[in-house]
Amino acid sequence: MPGQLLSSVADGIVVAAILSVAAMGFTLQFGLTNVLNLSFGSVMTIGGFTAYLLEAARVNPWLGLLLGGAAGAVATVVLGRGVLRQYARRRTQLFEMMMVTLGMSLVIDYSIQAISQNSIYSYTVLQAAPVHLGSIVLTPVQVGIVILAIVILVVAEAALKFTKMGKALRATAVEPSLARSCGIQTGRVVLITWLASGFLCGLAGVVYIISTQSVDYTTGELFLPLIIAAAILGGVGSLKGAVGASLVIGIVTEVVAGLGAGGYSTVAGFAILVVVLLLRPGAVIAGDEDRQLVL
Amino acid sequence: MSAWGFYVATLLIYFAVDLLSGIALNLQFGYAGVVNFGYIVFQAVGAYVAAVVTLGPSLGAGSYQQYILGAHLPFPLDLLAATAAGALLSLLVGLFSLRRMRRDYQAAVLLIVSLIALQVVSADVPLFNGSNGLTGVGWPLGQLFGVTATQSPWLYTVWSLVVVAVVFVGVSWLSRSPWGRSLRAMRDNQGAASAMGLNITSLRLQVFVIGGAIAGLSGGLLVEYIGAWSPGAWGYAETFVIFTAIFVGGVGNYRGVVLGVLLVPVIFLEIPRFLPAIGYPGLTASLEWVVIGLAWMLCIFFRPRGILPERRLHVTPPGALEPGALQPEAAPR
Amino acid sequence: MSAAGQGQNLTFATDREGTSAKPENQGQPVLVAKDVVVDYGGVHAVNRVSLSVAAGEVLGIIGPNGAGKSSFLAALGGQVRRASGTISLDGHEVSGLLPHQRARLGLARTFQTTSEFSRMTVFENLVTAAEGDTGSSLKAVVLHPRRTAQREQELVSHAWEVLERFEMTQVANLYGGELSGGQRRLVEIMRCLMRRPKVLLLDEPMVGVAPHLTGKLISDLRGISRDGLAIVVVEHAMEVVRKLCDRVMVMAFGEVIASGTFEEVAQDATVQSAYLS
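Chains as they are written, first to last, in this note's numbering: chain B, 1 to 295; chain G, 296 to 628; chain U, 629 to 905.
The hints are simulated quantities; they were obtained by calculation from the structure and are not laboratory data.
Predicted model only: the values in this text are computed from it and were never measured.
Among the hints, erroneous ones may be present.
Unchecked claim - Over the 12 angstroms line for every Cβ pair with chain G, so calculated as not near, a few chain B residues:
1. 5
2. 151
3. 157
4. 162
5. 167
6. 175
7. 192
8. 213
9. 240
Stated by the list, open to error - Cross-link-like lysine to any residue pairs, in silico, SDA-like; alpha carbons within 25 angstroms at most:
10. U/767 - G/468
11. B/240 - B/154
12. B/240 - U/767
13. U/844 - U/767
14. U/767 - G/472
Unchecked claim - Stretch by stretch, here's where chain G covers chain B in the computed footprint (C-beta under 8 angstroms, at least three residues):
15. 98-112
16. 225-236
We treat Cβ as the ideally placed atom computed from N, Cα and C, and that holds for glycine.
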């Protein structure tokens with residue numbers, strides 16, 4: 001039984017690594033723009049399908065991983081500049097913006113459904129013999145995913161702390177109008193954020209399908225609730241928070257699944273969000289009126 | 296009965312069911328400003344409950360379908376159970392999702408409820424037979440007269456139109472009352488409304504539960520006609536068809552909702568049936584959803600008040616014919 | 629502003645005289661706040677601010693931008709949670725109550741950014757405000773339709789009186805969102821009066837109000853206050869403060885730095901430096 005638990009925890013850390021890549025992108029974007037982006041899952045699916053198509057064209061899977069991330073970045077910038085900013089010009093309210101992202105999500109998901117002929121495609125790359133460490137069984141790819149997540153956290157934190165753009169981003173996230181009057185080009189900050197968060201989103205899509213070994217049009221949509229839960233639980237805008245929350249959610253869901261309640265593993269993750277909302281209302285009360293759209 | 300007659304009757308029944316949804320969402324969104332992105336879940340629970348309380352006791356794990364709460368309840372207990380189920384689930388979900396939380400979080404949580412509920416019900420076979428769903432649901436009211444819904448679709452049409460008419464009259468009466476006016480105040484400015492003594496949390500919960508009850512009823516009405524219900528029937532996107540219908544027809548105007556429901560879920564979604572088939576089977580269905588998504592985005596972009604917008608209530612000065620009465624304006628501006 | 633202000637000096641003088649003959653019930657504090665603290669992320673936006681306002685009294689709060697005036701009003705109204713301190717309204721301890729509960733105890737307020745119900749007519753704005761307590765009751769509407777209709781009739785004529793008093797009957801059927809800035813302010817004030825409150829909190833009520841109406845609004849407010857209403861007003865226009873308020877409290881950096889009559893405060897050196905800095 002302890003061995004079983006240990007292996008569940010190890011699986012949970014792998015899930016957490018995948019989740020944290022997505023959640024870091026989500027929280028970065030949400031923290032800056034204040035738009036609760038429901039199309040994030042759809043962009044993940046775009047990243048996943050890009051990697052699948054490249055694999056079918058016999059491109060190196062590592063290159064596919066990078067290009068999947070790039071596809072996410074491009075899609076996010078196109079949606080941000082081409083759609084969200086147009087709505088912002090028409091003084092669309094913060095709340096309505098979320099409804100717009102929902103519309104984008106419907107359009108993207110069902111376009112993918114139409115193009116992919118509503119089928120599930122198998123994606124088996126980078127599979128190698130698993131490594132046994134006592135009761136823990138991990139594939140090299142899973143270890144790689146965990147390392148990738150740690151590297152991203154370290155690099156992103158360092159970029160936020162030490163680069164000029166990172167400082168500008170933090171300033172804009174806290175007080176956009178002040179940042180603007182201090183001469184920060186918030187337009188550029190937003191563009192960079194879309195690129196970075198979109199890249200992480202696409203990357204998460206590829207990493208996710210590497211782990212599940214299949215992709216279809218619902219891939220991102222089913223993962224979205226956990227991403228939102230991780231971002232809110234970790235505190236919007238905090239990368240470390242997102243990773244910490246991903247660990248909690250990942251381990252809890254895998255332990256629940258390990259106990260033989262597979263169908264309820266996602267529910268466990270959601271239950272954590274509900275508990276957070278119930279216990280820490282102060283964390284989420286902050287009036288929507290005070291927040292402004294940054295696009 | 297001709298195939299055409301059957302088709303028209305079926306469309307009218309779908310119209311009645313979607314109109315119930317439109318009324319519920321218009322009360323919640325158009326009047327109270329509560330955005331219920333998980334609406335379809337409350338319709339689904341009504342349908343499931345109506346199904347299991349009419350199917351009779353479940354034959355258990357070995358049989359072709361298994362479920363909880365099996366019973367043979369007579370009319371009107373079936374629909375009452377469906378309505379109560381919708382209201383009860385709304386109360387539970389509302390109690391945690393309608394707290395003093397940012398509105399975008401609220402809406403996101405409701406969307407997540409919709410996604411999660413679908414996964415749970417699909418995976419949990421003993422609950423409502425998992426992803427295969429339930430079949431063989433009958434029509435308790437028809438059984439009183441010894442008919443089935445498929446034998447006499449016109450009878451079912453009349454029945455569902457009667458149900459929707461009662462709900463229509465009741466909800467529009469409530470919406471015109473001081474209570475409905477309080478809802479509009481809350482929608483326009485929550486802070487000011489609470490500073491004027493309105494209990495926002497309680498009002499939101501009230502519209503949420505009333506809407507949930509109507510949703511449950513609509514689910515019961517639908518399942519007793521089509522006879523089957525499964526997770527395929529209540530994807531999260533179904534909610535947005537009704538939202539789009541309200542945007543098109545008229546936010547805050549129940550006659551507008553009638554028009555919108557006629558135009559979007561009934562006419563628009565039926566058109567492909569009469570067009571030559573394109574591509575592989577299922578392509579048109581996907582494309583329809585894409586169009587719904589685009590329509591939804593356009594609706595927010597142009598912010599239409601719909602074909603029949605909310606009507607302004609005019610006051611006549613005291614001393615005129617009908618002193619101090621609030622009346623709808625004569626012609627829409 | 630100043631030209632209109634001078635034109636009103638005479639009215640102002642008679643008003644002040646009028647207040648000297650106070651009714652019996654006046655002088656009782658109705659709103660008392662002690663050591664109220666409001667925190668925003670560790671920063672004291674309001675730091676141990678106290679006040680006491682009596683029925684029939686108008687208290688002005690002035691101070692530079694960011695002094696914490698609006699945050700203090702929000703703490704009184706319940707829109708923000710106070711970190712510590714007590715607030716009592718008409719003898720009830722209200723610091724833990726929600727905005728609507730304080731409203732039902734007799735507190736009414738306007739907001740810095742106008743908060744009219746934009747897709748309701750001016751008339752509906754007024755009627756709804758008065759109905760706040762009962763209108764939210766689904767039970768009353770369903771179970772006592774006759775009583776509800778009767779109350780509705782009373783409110784309709786009350787609302788019409790208020791509209792006439794503020795000469796706003798011609799806009800009764802316009803939507804809140806169709807009004808000018810000044811008219812919106814008036815709608816907010818009328819809405820508060822519909823509730824027959826004991827305490828009225830006004831956050832910059834004169835912004836956007838046409839100059840020729842300012843004088844009239846001041847005398848209206850003084851008249852209303854004489855009927856036994858306590859008013860707390862945050863205002864930037866000194867001329868308005870001078871004419872409207874019996875007492876003035878000056879805030880800077882979240883704290884009270886001076887209080888007294890307008891003349892006393894205006895001569896205070898701390899106040900002058902706070903405004904000049």
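Right, here's what the structure says about each hint:
{"no.": "1", "hint": "5", "in the structure": "holds (23 angstroms)"}
{"no.": "2", "hint": "151", "in the structure": "holds (30 angstroms)"}
{"no.": "3", "hint": "157", "in the structure": "holds (26 angstroms)"}
{"no.": "4", "hint": "162", "in the structure": "holds (32 angstroms)"}
{"no.": "5", "hint": "167", "in the structure": "holds (27 angstroms)"}
{"no.": "6", "hint": "175", "in the structure": "holds (19 angstroms)"}
{"no.": "7", "hint": "192", "in the structure": "holds (24 angstroms)"}
{"no.": "8", "hint": "213", "in the structure": "holds (19 angstroms)"}
{"no.": "9", "hint": "240", "in the structure": "holds (21 angstroms)"}
{"no.": "10", "hint": "U/767 - G/468", "in the structure": "holds (14 angstroms)"}
{"no.": "11", "hint": "B/240 - B/154", "in the structure": "holds (9 angstroms)"}
{"no.": "12", "hint": "B/240 - U/767", "in the structure": "violated (49 angstroms)"}
{"no.": "13", "hint": "U/844 - U/767", "in the structure": "violated (41 angstroms)"}
{"no.": "14", "hint": "U/767 - G/472", "in the structure": "holds (12 angstroms)"}
{"no.": "15", "hint": "98-112", "in the structure": "holds (count 12)"}
{"no.": "16", "hint": "225-236", "in the structure": "holds (count 4)"}
Violated hints, in rising order: 12 and 13; the structure is consistent with all others.
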